[in-house]
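Chemist: Sequence:
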Amino acid sequence: MGMGAGIVGEVRDVLLGRYPSFVYRARSGGREEVPVFTLHGISPALFESQLRYLSDNGYYSLAADEYLAWLNGEVSIPERSVLLTIDDGLSTVWHSAHPLLARYGQKAVVFLIPGYMREGEGCRPTLEAVWEGGMSAGEFERQMESGDPYLTWQEAREMERAGTADFQSHSLYHHRVFSSGELTGFFRPDRSIAMHDWILPRGYEQYARSGEIADRLGFPLFRSDSLFECGRRFEDDEEIRQAMEARCRALGGHEFIEGERQWQKILRREYETLVASRPRQGRMIEGEEAREEIAHDLSVSRSLISERLGKTVRHLCFPSNAYSVDALLVAKEVGYEACFLGTRRDRRCNAVGMDPFLNVRLKHDYLWSLPGEGRLPLPAILGRKLWRRLTSDSHL
Numbered sequence: 037m038g039m040g041a042g043i044v045g046e047v048r049d050v051l052l053g054r055y056p057s058f059v060y061r062a063r064s065g066g067r068e069e070v071p072v073f074t075l076h077g078i079s080p081a082l083f084e085s086q087l088r089y090l091s092d093n094g095y096y097s098l099a100a101d102e103y104l105a106w107l108n109g110e111v112s113i114p115e116r117s118v119l120l121t122i123d124d125g126l127s128t129v130w131h132s133a134h135p136l137l138a139r140y141g142q143k144a145v146v147f148l149i150p151g152y153m154r155e156g157e158g159c160r161p162t163l164e165a166v167w168e169g170g171m172s173a174g175e176f177e178r179q180m181e182s183g184d185p186y187l188t189w190q191e192a193r194e195m196e197r198a199g200t201a202d203f204q205s206h207s208l209y210h211h212r213v214f215s216s217g218e219l220t221g222f223f224r225p226d227r228s229i230a231m232h233d234w235i236l237p238r239g240y241e242q243y244a245r246s247g248e249i250a251d252r253l254g255f256p257l258f259r260s261d262s263l264f265e266c267g268r269r270f271e272d273d274e275e276i277r278q279a280m281e282a283r284c285r286a287l288g289g290h291e292f293i294e295g296e297r298q299w300q301k302i303l304r305r306e307y308e309t310l311v312a313s314r315p316r317q318g319r320m321i322e323g324e325e326a327r328e329e330i331a332h333d334l335s336v337s338r339s340l341i342s343e344r345l346g347k348t349v350r351h352l353c354f355p356s357n358a359y360s361v362d363a364l365l366v367a368k369e370v371g372y373e374a375c376f377l378g379t380r381r382d383r384r385c386n387a388v389g390m391d392p393f394l395n396v397r398l399k400h401d402y403l404w405s406l407p408g409e410g411r412l413p414l415p416a417i418l419g420r421k422l423w424r425r426l427t428s429d430s431h432l
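Numbering (the working numbering), first residue to last: 37 to 432.
These aren't lab readings, by the way, just hints derived from the structure by calculation.
Treat each hint with caution, since some may be false.
[Said to hold, decoys possible] Result set (DSSO-like, lysine-lysine): computed pairs, CA atoms no more than 27 angstroms apart in a straight line:
hint: 1; residue 1: K421; residue 2: K399
hint: 2; residue 1: K347; residue 2: K368
hint: 3; residue 1: K347; residue 2: K301
Please build the complete structure, drawing on both the sequences and the hints.
Modeler: See the structure below:
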């Protein structure tokens, strides 16, 4: 679904009354309903204004296990409780979210992509360095734009120790998989999107993380979908893939791709010549074999976070909120006790006694709908979303 279609669908669902009651009027669900909000990359100014709103109006942010115990009817919680979730575990969680969460006495549940994380060599500076005068705002901005784009394990451990974050699973690598043999183009790294959103053959995540992907340009790309949603994966022909990489290198590699306007067309001709002489050009992985891949991905992600942070990981957020009934069953089988999704038309809110594998989340804009001083009416929130969509490429 395109970004435009996404916002249209969201607005339609809001206007049809499919969101929690507090979105439409200043009324809290009390202890029987907990709003769950989702963020991705952290904008310091926006995030601070949201945390200030929560703190000024007496809201308490829950940890994931605390939320699950409440959902199961095992514990009581403060009346104004919320769950803040941050997807992907980008470096902004450390250098911006961490100090702001500490300043306002709040916490967030951060869903990590452990396959892309490194141990790190010490913790990087945070916004505190700017507050204390040790770094200019400009230097801080430059740091945000360079270096490792993900949290390191050292930084995650420090956030757990400080109580600003509760780390859970967002799957091992997050990205979509080839779902058919329909050719869509040829690979070059797209620096305008996060690495975990690149479409890669299985096993190429290591090359993306190490930087070796720069020597593996030009391999064929095929139609893609979420493995967790479509339940299948197309395994392309490795010999053809390697031959295309070699041909791209022979043509000049990076210089060829950046300097030749017709590079995709040229590579397509090369590809068609290669496949014409090969009767078999890949295979479809589906059924039980695909199910085992899903189980492996979710299980390894859970184990890595548990081992690195010394904790039990019980919660999973599906990447891009894409999943199937079978993926939910697999998550339960490998040890998860709760799953977090996007919105669902059959579940407006999260209340005591509801299925812990179908937790719904709202985009962070709707945090301003919570009852309190400074609450924004729905038209103002939708107007802000539209303005941000028109002026940036950030998640809405």
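Chemist: Given the hinted pair K421 and K399, is their alpha-carbon gap at most 27 angstroms?
Modeler: 10 angstroms, holds
Chemist: Are the Cα atoms of K347 and K368 separated by 27 angstroms or less?
Modeler: Between K347 and K368 the Cα gap is close to 18 angstroms, so the pair holds against 27 angstroms.
Chemist: Is the straight-line distance between the alpha-carbon of K347 and that of K301 27 angstroms or less?
Modeler: Roughly 50 angstroms between the alpha carbons, so the hint for K347 and K301 is violated.
In this structure, only the earlier hint numbered 3 is contradicted, and the remaining ones agree with it.
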